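Novice: So the chains spell out like this:
Number of protein chains: 2
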Amino acid sequence: MLKIIKKSKKSQARIGTLHTAHGVIQTPFFMPIATRGAVKGITSFEIEEKLKSEIILSNTYHLLLAPGMEILKKTRGLHDFMQWPKPILTDSGGFQVFSLGKLRKITEKGVKFKNPKDGKSHELTPENVIKYQNIIGSDIMMVLDECTEYPCSEKRAKESMEMSLRWAERCKKEHDKLKLKKTELGKRADKQLLFGIVQGSTFKDLRKECAERLVKIGFDGYALGGVSVGKGIHSGYQVLDWVFDNLPYNKPRYVMGMGTPKDIIEGVKRGVDMFDCVIPTREGRHGRLFTSPPGPLSLVRRRGGFYSTINITNAKFKKDFSAINKDSKIPELREYSKAYLYHLFKTNEVLGSRLASLNNLEFYLDLMKKIREEIKSGRL
Amino acid sequence: MLKIIKKSKKSQARIGTLHTAHGVIQTPFFMPIATRGAVKGITSFEIEEKLKSEIILSNTYHLLLAPGMEILKKTRGLHDFMQWPKPILTDSGGFQVFSLGKLRKITEKGVKFKNPKDGKSHELTPENVIKYQNIIGSDIMMVLDECTEYPCSEKRAKESMEMSLRWAERCKKEHDKLKLKKTELGKRADKQLLFGIVQGSTFKDLRKECAERLVKIGFDGYALGGVSVGKGIHSGYQVLDWVFDNLPYNKPRYVMGMGTPKDIIEGVKRGVDMFDCVIPTREGRHGRLFTSPPGPLSLVRRRGGFYSTINITNAKFKKDFSAINKDSKIPELREYSKAYLYHLFKTNEVLGSRLASLNNLEFYLDLMKKIREEIKSGRL
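Top line first, the protein sequences correspond to chains H and L.
Per my numbering, the very first residue in the first sequence carries number 134; after that it's consecutive.
Per my numbering, the very first residue in the second sequence carries number 134; after that it's consecutive.
These are calculated hints, taken from the structure and not from any lab test.
Heads up, some of the hints might be wrong.
Pairs involving identical chains hold if they fit within one copy or between any two copies, as the list cannot separate such chains.
For lysine-lysine, the following BS3-like pairs were computed, each having C-alpha atoms within a straight-line distance of at most 30 Å [stated by the list, open to error]:
id, residue 1, residue 2
1, K462, K306
2, K451, K253
3, K315, K452
4, K140, K291
5, K185, K250
6, K324, K235
7, K185, K207
8, K140, K245
9, K315, K305
10, K324, K451
11, K315, K291
12, K502, K250
13, K207, K459
14, K305, K451
15, K183, K291
16, K395, K312
17, K459, K264
18, K136, K291
19, K452, K314
20, K291, K320
21, K459, K306
22, K185, K337
23, K462, K219
24, K459, K185
Since this is a predicted model, take the numbers as computed values, not measurements.
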């Protein structure tokens, strides 16, 4: 449940708290990605104690393939398995399955696919993704949806949206059915939130209609899907305005897979509460580091670029003995030098990408904190 | 300088303290390997705080190639560069160069070689390996030696040993010369220990002669080289007895690159004070974990195998929700399950090898602690 604490007078931005089975999260927030139940090279203890993230994101599709539902059932869910005591959001895995190309087949019933690793057949249906997420113990579950390719025709987008809406309804029904069970999993289902996903590609009318019809079914929160497919967010940020007009104000809003630091600020201004993105860890592994001068966001933004990126493998860092980030709250990033990190990347030492990922996740989580402070003080 | 605190009545084992520029180390000890200035995936802070290692080992050859001596000079040595405040031993790099095969050429002057990565030419001479280790700031420097192939003829072993002895003498002279300099590096040289390396392959007379002649030159400690070349330690552990008879009792003894847990116990019983080996991190990366029941070593040994290894990628660990090591002092190893570690290895998550390396290094360092306790209480 979302409690809105303050609404900006300058924009659609708002701060609040999202209440889940594993704790309260301050909104707007960013979710580090633990696709397979692990954030690249970083322990759950570090995510909690060093990064102080209040939530992570995992993926039903990946968890179904490994460790599999049998294991997660035995260990009473992902929280216990990965030693993460705070909230978890899981994507249903639809997006990942659709990326499989020829290895998958979509019908009204759901998606059949083959594990690219061992060729074994699996199926995701609206019903079983809810069952799986119930076993995983996600605090926030996502419905199964079809994510259309980009660009796509209006006809294709409409047909796909209609199916996604039928699937959304089946997910809701399955969740309601689980809640009635007097088992452990039934009790758990009762506390799990379920989010609908707005599709409709680049078409205003479809997006609006999809939002309206999802609201009629009734979800605990609403996500925008398919806005990060292709090159960056398509149709600018308009799609957020189209959709948010048709969503209840007091429900959390999540834009899936978006984005860059700029995307996040633009999203927040339009009323987004939740973000996830692979950028911090993926770029970190390639030696790209996000940095930001200290101080409040508004001040930093007024001075020009409110953040910058450096490529640590650039020759100029070979002799740069300044800290990776002198303002970091993480001792490793304050005490190791850029020259050392350059050396780690040049010699393919895995410690390099671990440090870079820590740096980038801290940047993203810190950005969210600064954004919340800006809204609180009326500057955003 | 080695202070012997207690000598075993049962064997040649002894406990003591080795005093270096960066602190005192309890002997006998094991050195985690940071070849390029980083232990695989593990920060210096973790080596100090979680593993509580009192020393690490690095390599002159690798550090010469990257980051290079210019960088290490600017950052005032490896301690500062890798944020490691405790003692460092560096191998001279001879062993690594000899492994290069056609890419290197040995003459009386030294070894010329090409960097396999960029084809650039470099040279290691007895004089410059001392200069390099002075720049690195090693607490314990090793002489340049030639490590013969295994097996090799007595003639070949003798000729090679003669050259290694001439090189050892040149190293000693260079070190003495550096000590006289009134510069920062000169002052540093004064506190650096220099170890000779006993060669002579599998030949008793050569090994004994080499030890004797090194002692005449006079070093701060003595190492055995070339005993781990080929399949395990050759000629059993006899070579240790041959050599140690001819070494001064109150100087530290180091067997390079050896070994397995059994090698370490057998070595200690014959009077070895110092060990290094790639086994804990290399095996860790492949999912092989060392485990030992709790309790004093003698008790555990009496009951049979005093340690065991498990291959975490074995199917039986898929559903084993017991702790990676319930007796570990490292929270991650107590709180994550074997099933989770199995999952990390199966999905190629780098966190897996980080946890396995931590486990194995803790095992090795703990073994040394138990060995010291056994000697103290007169059981080894």
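Novice: Evaluate each hint against the coordinates.
Specialist: We went through each hint and held it up to the structure:
| no. | hint | verdict |
| --- | --- | --- |
| 1 | K462 x K306 | neither (45 Å within a copy, 48 Å between copies) |
| 2 | K451 x K253 | between (47 Å within a copy, 18 Å between copies) |
| 3 | K315 x K452 | between (64 Å within a copy, 27 Å between copies) |
| 4 | K140 x K291 | neither (34 Å within a copy, 84 Å between copies) |
| 5 | K185 x K250 | neither (34 Å within a copy, 40 Å between copies) |
| 6 | K324 x K235 | neither (37 Å within a copy, 67 Å between copies) |
| 7 | K185 x K207 | within (28 Å within a copy, 35 Å between copies) |
| 8 | K140 x K245 | neither (44 Å within a copy, 70 Å between copies) |
| 9 | K315 x K305 | within (18 Å within a copy, 80 Å between copies) |
| 10 | K324 x K451 | between (52 Å within a copy, 29 Å between copies) |
| 11 | K315 x K291 | neither (39 Å within a copy, 82 Å between copies) |
| 12 | K502 x K250 | neither (39 Å within a copy, 44 Å between copies) |
| 13 | K207 x K459 | between (44 Å within a copy, 20 Å between copies) |
| 14 | K305 x K451 | neither (55 Å within a copy, 33 Å between copies) |
| 15 | K183 x K291 | neither (45 Å within a copy, 57 Å between copies) |
| 16 | K395 x K312 | neither (39 Å within a copy, 57 Å between copies) |
| 17 | K459 x K264 | neither (46 Å within a copy, 33 Å between copies) |
| 18 | K136 x K291 | neither (34 Å within a copy, 82 Å between copies) |
| 19 | K452 x K314 | between (63 Å within a copy, 27 Å between copies) |
| 20 | K291 x K320 | neither (37 Å within a copy, 78 Å between copies) |
| 21 | K459 x K306 | neither (51 Å within a copy, 43 Å between copies) |
| 22 | K185 x K337 | neither (38 Å within a copy, 61 Å between copies) |
| 23 | K462 x K219 | both (21 Å within a copy, 24 Å between copies) |
| 24 | K459 x K185 | both (18 Å within a copy, 26 Å between copies) |
Of the numbered hints listed earlier, those contradicted by the structure are 1, 4, 5, 6, 8, 11, 12, 14, 15, 16, 17, 18, 20, 21 and 22.
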